[in-house]
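K.L.:
The listed protein sequences derive, respectively, from chains C, Z and X. So for the first sequence, the numbering used here puts the first residue at 1; every next one is plus one. So for the second sequence, the numbering used here puts the first residue at 1; every next one is plus one. So for the third sequence, the numbering used here puts the first residue at 1; every next one is plus one.
Bear in mind the hints are in silico, worked out from the structure with no lab data behind them. Treat the hints with care, since some could be wrong.
As the list claims (entries may be wrong) - Interface residues of chain C toward chain X, partial, derived using beta-carbon atoms under 10 Å:
hint	residue
1	196
2	198
3	229
4	233
5	236
6	241
7	258
8	262
9	324
10	327
As the list claims (entries may be wrong) - Covered stretches of chain X (chain C as the covering partner; in silico rule of three or more C-beta atoms under 8 Å from a C-beta of chain C):
hint	region
11	89-99
12	114-122
13	201-210
14	313-319
Just so you know, these numbers come straight off a predicted model, no measurement behind them. Beta carbons: idealized from backbone N, C-alpha and C, even for Gly.
What follows is each chain in one-letter form.
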Amino acid sequence: MLKGYRKYFFNKLGWFLVTLVFAFILNFILPRLMPGDPVAAIVARMAQGMSDATGVRAIYQQYTELFGTNKPMVEQFFIYMRNVLRGDFGYSISMYPRTVADAIKSSIGWTIALQFPAIITGWLIGNTLGALAAYLKKGFDKVLMPISIFASNFPAFGMAVILMVIFGVTLEWFPTSGGYGFDLIPRFDWRFIWSVITHYQLPFWSIVLVSIGGQAIGMRSMAIYELNADYVKYARFMGIKDRKIIGYVFRNAMLPQITGLAMALGTMAGGALVAEIVFSYPGIGYTLLNGVMGQDYPLISASTLMITIMVLIANFTIEILYGFIDPRIKAVQAD
Amino acid sequence: MKHTLQQVFRSGKFIFGFSILVAILLIVIIYPLVIPDPPLAIIAQGTFFEPGIYVNVYDSIIAPKYTLNLEGAAAKRIASRLNSDDRLAMKEWLVAVGIPEDEIDIEDTALLLELWETHFDPKTQIAGMTNARRNYYIRLNASLEGLLATEAAIIAVKNPTTGALEEKSVVAQSDFVNANKVANVRLLPLGTDNFGRDVLTELIAAARVSLQIGFVAGIIATSIGLTLGLLAGYIGGIVDDIIMFFTNLFTVIPGLVLLILISFSIGQERRGATTIAIVIGLTSWYWTTRAVRAQVISLRNRDHVNLSKLSGHSIVHIILNDILPYIASYVVMAMILQISSAILAEAGLSILGLGPRTTEVPTLGLMMNWAMIYYAHTLGKWWAYIPVLVTIALITFSMNLMNTGLDQVFNPALRD
Amino acid sequence: MGKVLLEVRELTTRYITRFGESVYAVDHVSLKVEEGKSLGIAGESGCGKSTLALSLMGYYFAPLHYMSGEIIVDGHNISGMNPDDVRKAILGKEIAYIPQAAMNALNPTQKIIHFVEDVIRAHDPSADKKAIYERACKLFETVGLPPQVLEKYPVELSGGMKQRTVIAVSVLLSPKVLIADEPSSALDVTSQKMVIKMIRQLLHDGLVGSLIFITHELPLLYNVTDDIMVMYAGQIVEKGAAREAVFDPLHPYSKGLMGSIIVPEEGLREVKLTAIPGVPPNLKNPPSGCRFAERCKYVQPECIVNAVGLRSTEGGRVYRCIFSEKELREAYRNG
Numbered sequence: 001m002l003k004g005y006r007k008y009f010f011n012k013l014g015w016f017l018v019t020l021v022f023a024f025i026l027n028f029i030l031p032r033l034m035p036g037d038p039v040a041a042i043v044a045r046m047a048q049g050m051s052d053a054t055g056v057r058a059i060y061q062q063y064t065e066l067f068g069t070n071k072p073m074v075e076q077f078f079i080y081m082r083n084v085l086r087g088d089f090g091y092s093i094s095m096y097p098r099t100v101a102d103a104i105k106s107s108i109g110w111t112i113a114l115q116f117p118a119i120i121t122g123w124l125i126g127n128t129l130g131a132l133a134a135y136l137k138k139g140f141d142k143v144l145m146p147i148s149i150f151a152s153n154f155p156a157f158g159m160a161v162i163l164m165v166i167f168g169v170t171l172e173w174f175p176t177s178g179g180y181g182f183d184l185i186p187r188f189d190w191r192f193i194w195s196v197i198t199h200y201q202l203p204f205w206s207i208v209l210v211s212i213g214g215q216a217i218g219m220r221s222m223a224i225y226e227l228n229a230d231y232v233k234y235a236r237f238m239g240i241k242d243r244k245i246i247g248y249v250f251r252n253a254m255l256p257q258i259t260g261l262a263m264a265l266g267t268m269a270g271g272a273l274v275a276e277i278v279f280s281y282p283g284i285g286y287t288l289l290n291g292v293m294g295q296d297y298p299l300i301s302a303s304t305l306m307i308t309i310m311v312l313i314a315n316f317t318i319e320i321l322y323g324f325i326d327p328r329i330k331a332v333q334a335d
Numbered sequence: 001m002k003h004t005l006q007q008v009f010r011s012g013k014f015i016f017g018f019s020i021l022v023a024i025l026l027i028v029i030i031y032p033l034v035i036p037d038p039p040l041a042i043i044a045q046g047t048f049f050e051p052g053i054y055v056n057v058y059d060s061i062i063a064p065k066y067t068l069n070l071e072g073a074a075a076k077r078i079a080s081r082l083n084s085d086d087r088l089a090m091k092e093w094l095v096a097v098g099i100p101e102d103e104i105d106i107e108d109t110a111l112l113l114e115l116w117e118t119h120f121d122p123k124t125q126i127a128g129m130t131n132a133r134r135n136y137y138i139r140l141n142a143s144l145e146g147l148l149a150t151e152a153a154i155i156a157v158k159n160p161t162t163g164a165l166e167e168k169s170v171v172a173q174s175d176f177v178n179a180n181k182v183a184n185v186r187l188l189p190l191g192t193d194n195f196g197r198d199v200l201t202e203l204i205a206a207a208r209v210s211l212q213i214g215f216v217a218g219i220i221a222t223s224i225g226l227t228l229g230l231l232a233g234y235i236g237g238i239v240d241d242i243i244m245f246f247t248n249l250f251t252v253i254p255g256l257v258l259l260i261l262i263s264f265s266i267g268q269e270r271r272g273a274t275t276i277a278i279v280i281g282l283t284s285w286y287w288t289t290r291a292v293r294a295q296v297i298s299l300r301n302r303d304h305v306n307l308s309k310l311s312g313h314s315i316v317h318i319i320l321n322d323i324l325p326y327i328a329s330y331v332v333m334a335m336i337l338q339i340s341s342a343i344l345a346e347a348g349l350s351i352l353g354l355g356p357r358t359t360e361v362p363t364l365g366l367m368m369n370w371a372m373i374y375y376a377h378t379l380g381k382w383w384a385y386i387p388v389l390v391t392i393a394l395i396t397f398s399m400n401l402m403n404t405g406l407d408q409v410f411n412p413a414l415r416d
Numbered sequence: 001m002g003k004v005l006l007e008v009r010e011l012t013t014r015y016i017t018r019f020g021e022s023v024y025a026v027d028h029v030s031l032k033v034e035e036g037k038s039l040g041i042a043g044e045s046g047c048g049k050s051t052l053a054l055s056l057m058g059y060y061f062a063p064l065h066y067m068s069g070e071i072i073v074d075g076h077n078i079s080g081m082n083p084d085d086v087r088k089a090i091l092g093k094e095i096a097y098i099p100q101a102a103m104n105a106l107n108p109t110q111k112i113i114h115f116v117e118d119v120i121r122a123h124d125p126s127a128d129k130k131a132i133y134e135r136a137c138k139l140f141e142t143v144g145l146p147p148q149v150l151e152k153y154p155v156e157l158s159g160g161m162k163q164r165t166v167i168a169v170s171v172l173l174s175p176k177v178l179i180a181d182e183p184s185s186a187l188d189v190t191s192q193k194m195v196i197k198m199i200r201q202l203l204h205d206g207l208v209g210s211l212i213f214i215t216h217e218l219p220l221l222y223n224v225t226d227d228i229m230v231m232y233a234g235q236i237v238e239k240g241a242a243r244e245a246v247f248d249p250l251h252p253y254s255k256g257l258m259g260s261i262i263v264p265e266e267g268l269r270e271v272k273l274t275a276i277p278g279v280p281p282n283l284k285n286p287p288s289g290c291r292f293a294e295r296c297k298y299v300q301p302e303c304i305v306n307a308v309g310l311r312s313t314e315g316g317r318v319y320r321c322i323f324s325e326k327e328l329r330e331a332y333r334n335g
């Protein structure tokens, strides 16, 4: 058994590393494969209204030098890698002379603290509702299903905007933007913590609400499938109580939902980024938006890389935990 | 085939979703034929005009007048001039000068004005009142002057030679014009947006473009996904390994990240609606590949496929005749999902400012982006974003409802 | 005459479809099983034999509904009993069931021993863990499984092992009646024989009180059970000792069933292969006359109009036909 698990673990670890390398390369190469010169685009924007051709060329020169776009691709890749490994990701354009690492360092913490609890809460609530819908059927199912379908197709930013308008603007229960009060300095006192908690609510619940629908639908289908499985019938005919059988069913229906979560993380993270943007939450999504607004190429590149790495790590963690929970994994690997 | 269609059209969920989608498509097609205004024409000077019927004032003056004696017209007129903040301020003053609070009813306009006229005196000094506040009251009082008057208003024009004002017409309080007789009346059912464009016309054009993006992206994603899924599932072996490697890769790397990187690199100038659609299609095929591959693997060793292999048919023949018909329903379902998620993806990109370039066509995402940039949501300009959200939700909801319906037809276990 | 462990009198049950139509799948069926004896039930798929098995257990699940008749298990009338009480008092303990699809009858994420514990505790909540383990070991040994199997998950077992596990679990509580519903249909010929041998051994050893064996292969039953009952369209068409029913069928349908299968059994080689043409009637709207009339070679005009009752021969055989024993034999001789 242990041998089976070890095999599974190393398999997943290998896959994680390969994906990481590919994601890294894609992140580097995609923008450079595109027709057009990102530096030219930036310079064109910066030089708007500038009539002096030499001045424009000087800016262009300076930026080409700074980002190394005049060097061969391979060399650029090594420069990029060196910057990443050194941990500063090079210079930011919109916040020059700050480094990119400096700009995104704080936002990672905000994003992790917001997105992971929110996605997990949404997953738990969604699965519970889906399981109840499959088990109770009738009225509950009839009401829950259309709502779930509607909610799961409601755009993430739409949910965020509506929560903001209702609870932020109209009812004024919660603040509508930022991670804490703009008049506060981050430090460890009650006023600051309370401010963080109230600012947390709207982005958190908008991510939760968006994730619930899809999870509920998935769980309902899985649970219905499991409820009709042969082992359920057999357990009934052996006189086992429904409460116990429901336990079997939901455990078994839950397992594919865990891998489902791992697969859907990429999509969910996208929705969660949008929530950050709507609420100007100081996470990576908002940093990314600033990067786009400021045509800050290195910042965008680093933000997307960080998002990808976070998703990959989360994905890897889920797969590893899953191997512990589902006995079938170990058994199959051991063969 | 005919039987399947019959079954599909017996599913309530499918019909409901299908009807919504068809209604949207019809509106999108018919509206521009009836109202051929360019969707991005700026008609309003100023931002966020409220929804309503806009009647040209100049034309109303010269339009034929009708006298209608309507009860409560005066009260309505006054009420419309006095907003709730003003009423509260008036009460505050009255309380300050010693009127008992329970005698003041801010909802009763006539009583409130009467109290105000008898008790307001700009010279009264109220303890703790700032100068700015006093000036506000003086302005308020001035605007209320004559509110209870019943005289007519006079329209005068300047005589071009003497420069003196000459009476042109008199507008009595009971004068009405028939809106049909006014030369210029514009209905703006959803008001105007931040640039002063008609939101409804813009919204319908945007829905059309978004649907087009959805269909193009959906078709691209489905074609790639279907081809790769068929190859991986049917040929298997190393081909399967390679295709699945990339499929898994794309599954874990967030799609939005790829979209952002590519869209940004293309640059604002070259990002047309079609380009965005192609980019979305190219980054979302992997779900379909996965689904198709699983289906093909379960079909690969069925008797009829083996029979076809033994009869010496080519791979193309087998795929077209013995595999495709069996997975057609899944492919249709996957395509519907691709279309609806492409519409959402475009919206997500546009929110980030990476949507199609803004000068040509509106999309649902761009409209949302504009509304957000101009703080429509915090300013309470609901007409600039709620209709957009509702349209997106209706489109994706109808498609997913169709899908749920199809799923129940093809997977009987899911039926209620 | 031994003690009667199961007696069924005029049992009628029906399915109610989504559209409210009734399907009478078991129509006035009576049978009796004595201690130490076995009864085979044969018929084409859809003849109601599996429904009869479910109905016998007195455990009705929508869309299956009890209509009329009596089920007496070891002297206790369980017809019309509350399904939850039936499950607690009867299922697994008095009547046990080996399902058709034994491959999927076990919960994939539960160790066998835990399922064994659940089964025993469902009827005896205070059962001691060690006693359960010993009991299970003994039974697993009887079916030829080592005790280590108890610590495994179903995925780690082969098909044959799963089959034996299900058999062992079914007889954990020494049921008075064991119903085996085509337990061998998914297996190869060798495994089939072994399963049948095993079940007969359980009966022989007194681990089960009596046996009901259901199959669509009438000839198979000759080796397995003492008595045979042939069903067609929800009704009994023939009942008698196994030898007679197989080698000397009276009802034209039994005759046809014997001819529809090639079985390389001793003494059966000469039986001609003659599949019965046609399909069974739709039970939503059964014909008013003999249900087999449409497919019967010897059909008479009155067969189509009038319902045909069961008749008994002097030798104690029962069959449903308008012809007498003598007339039938005459007809068969002439082909």
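K.L.:
Now tell me, hint by hint, if it's right for this structure.
P.N.:
Comparing the hints with the structure gives:
| no. | hint | verdict |
| --- | --- | --- |
| 1 | 196 | 40 Å, violated |
| 2 | 198 | 42 Å, violated |
| 3 | 229 | 7 Å, holds |
| 4 | 233 | 6 Å, holds |
| 5 | 236 | 7 Å, holds |
| 6 | 241 | 6 Å, holds |
| 7 | 258 | 12 Å, violated |
| 8 | 262 | 18 Å, violated |
| 9 | 324 | 12 Å, violated |
| 10 | 327 | 5 Å, holds |
| 11 | 89-99 | holds (count 7) |
| 12 | 114-122 | holds (count 4) |
| 13 | 201-210 | violated (count 0) |
| 14 | 313-319 | violated (count 0) |
Of the numbered hints stated above, those contradicted by the structure are hints 1, 2, 7, 8, 9, 13, 14, listed in ascending order.
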